[in-house]
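Chemist: Each chain, written out:
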Amino acid sequence: MKTLGRWLAEHGIAVGSPIVTLCVWEWASATGVLREAFFPRPSTVLAHLVQLGADGTLWAHTAKSLIRIGWAFALSAVFGVGVGLAMGVWRRLRDGLDPVFAVIYPIPSVLFLPLVSFLVPPGEIALVVTTAVTSFFLVAFTTTHGVRQIDRLVVEAAVHYGARGPRLFAAVLLPGALPYIFTGLRLGLGFALIVVVAVEIVSASTGLGALLWLSWGILKVEDMYATFFVIALLGAVLSYGLAALRARLLPWVQDVGAR
Amino acid sequence: MALAVPALLLALWELCARLALVSPRYFPPPTQIGWVLIDRFAEGDLGANTLVTVTRLAAAFALAAVPAVPLGLLMGVARPVRDVVEPYITFIFPVPKITLLPFLLIILGVGEPAFVLTGATSAFFQIVISTLAGVQTMDPRLLEVGRNYGAHGPRLFWKIIVPAALPAIFTGLRLGLGLALVALVAVEFIAAKSGLGHLVYRHWQMLSTPEMYAAFALVGALGLLLTRGLRALQARMLAWQEDVGQL
Chain H
1 MKTLGRWLAE
11 HGIAVGSPIV
21 TLCVWEWASA
31 TGVLREAFFP
41 RPSTVLAHLV
51 QLGADGTLWA
61 HTAKSLIRIG
71 WAFALSAVFG
81 VGVGLAMGVW
91 RRLRDGLDPV
101 FAVIYPIPSV
111 LFLPLVSFLV
121 PPGEIALVVT
131 TAVTSFFLVA
141 FTTTHGVRQI
151 DRLVVEAAVH
161 YGARGPRLFA
171 AVLLPGALPY
181 IFTGLRLGLG
191 FALIVVVAVE
201 IVSASTGLGA
211 LLWLSWGILK
221 VEDMYATFFV
231 IALLGAVLSY
241 GLAALRARLL
251 PWVQDVGAR
Chain C
1001 MALAVPALLL
1011 ALWELCARLA
1021 LVSPRYFPPP
1031 TQIGWVLIDR
1041 FAEGDLGANT
1051 LVTVTRLAAA
1061 FALAAVPAVP
1071 LGLLMGVARP
1081 VRDVVEPYIT
1091 FIFPVPKITL
1101 LPFLLIILGV
1111 GEPAFVLTGA
1121 TSAFFQIVIS
1131 TLAGVQTMDP
1141 RLLEVGRNYG
1151 AHGPRLFWKI
1161 IVPAALPAIF
1171 TGLRLGLGLA
1181 LVALVAVEFI
1191 AAKSGLGHLV
1201 YRHWQMLSTP
1211 EMYAAFALVG
1221 ALGLLLTRGL
1231 RALQARMLAW
1241 QEDVGQL
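If you're matching them up, the sequences are chains H and C in order. Each residue of the first sequence is one higher than the last, beginning at 1 in the numbering used here. Each residue of the second sequence is one higher than the last, beginning at 1001 in the numbering used here.
Warning: the hint list may mix true and false statements.
Unchecked claim - Have a look at the derived ranges for each label pair, beta carbon to beta carbon:
no. : chain 1 : residue 1 : chain 2 : residue 2 : range
1   : H       : R164      : C       : E1043     : 54 to 64 Å
2   : H       : R164      : C       : A1062     : 32 to 42 Å
3   : C       : T1055     : H       : P18       : 33 to 43 Å
4   : H       : V159      : C       : P1154     : 56 to 66 Å
Claimed, not checked - Beyond 12 Å from chain C on every Cβ pair, some chain H residues (computed):
no. : residue
5   : G16
6   : A28
7   : F38
8   : L46
9   : A54
10  : G70
11  : D95
12  : P108
13  : H160
14  : A163
15  : G190
16  : L249
If you're looking for bench data, these hints aren't it; they were derived computationally from the structure. Note that the Cβ used here is the ideal one computed from N, Cα and C, for glycine as well.
Throw the hints in and build the complete structure from the sequences for me.
Modeler: This is the structure:
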């Protein structure tokens, strides 16, 4: 009880302010201060959320998006860490690829959809590859940076003691760059969510982005809010949940704050 | 040396397209794209659409930065403000801002305000978070020294806190501008009828690939110019600050 009181004193405003907002919103929509056509009452949205969840629509779309995110994340993690490690080690490769990456990286991933759909079979594969593009660059950048910040002395000592090739990689470079790689993976996962929603809006009939866009098309405003809520929840879980998970599972790995 | 690899890649592409090793319909040779780029720019429609995107970007950036920096600073110095505002920021920050587009489209109607606001929200949250972090992570000794020398209230704020947070604010503005560009081009691709993003979409649908790649290249050039240019500006203006944020 005492701890609850202390917790409330500490976080009372942070918890209270959203609740107050929701209540004011409910009241304003109910009395017509806000147009209910645009700002449906939170209770109505909740009812729609429950209904969408009960008839399975929401789960199907969420699962679809999550599977796409998972594949895209796996692709960008494997290739990003691989390319990043190589770029960190070989100066020539880094000098060569840096300008290429610098031009490609700031291009929004959705724009890659046409290009990717020329390269791979359109449909699911094109969606996943497009989603992976930006995450790949993020992971590659942070991994390169992670390798480069490893203390030269450590690397030289390892080389002196005979660590070469794969051993140097597995025993020195990879663990040395790990904190940065984790930051890159976390950011990459966040970006995968952002891009998957955008790509689904453009060219999919399934997934949360598609559900949002289709609900807009037929002006089901309550369903839009419900979908938005699920996307936001997913974003919060992916970005804050992952950080918490890392702190718990790998307490020795420091998160190098990217912002 | 630094340009050798890109040049080599382009040459390889050119060769493959000319020899029809890859379909020139989907991957036209870079020289052809280059000519189209010059042609269309002179003719007006590429240039005009670039201008549209840049104008939207400027509007979105201004709309985001003007309220975001003061809000971030205020959150940094006034605990109650931070407690009230922070839940919303943490909730909305990781949400893909493109999801706000359909809401803005029904509330504001299909048009410039909805497009620009989607870009602005994208930048807004990044700038608030960076600014707040700048105030929170400032060296507390600076505050103590300031107080000991008699700085209070507004003086402490303007002479100590703002300069200390300046590098983080600048980083936030730089990242925010990049995010605004990404969101805007995506919005153009999805919903607008003008701008570089829309050009890529339209020429994709019409399969006029040289024009598509030309617009694509312009987006890349714009992004490069903004990120590199701002980073150089930051390094120059805040020369005493060694860490200007790697990402």
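Chemist: Which numbered conditions among the earlier hints are violated in the structure presented, ordered from lowest to highest?
Modeler: Numbers 2, 5, 7, 11, 12 and 15, in rising order.
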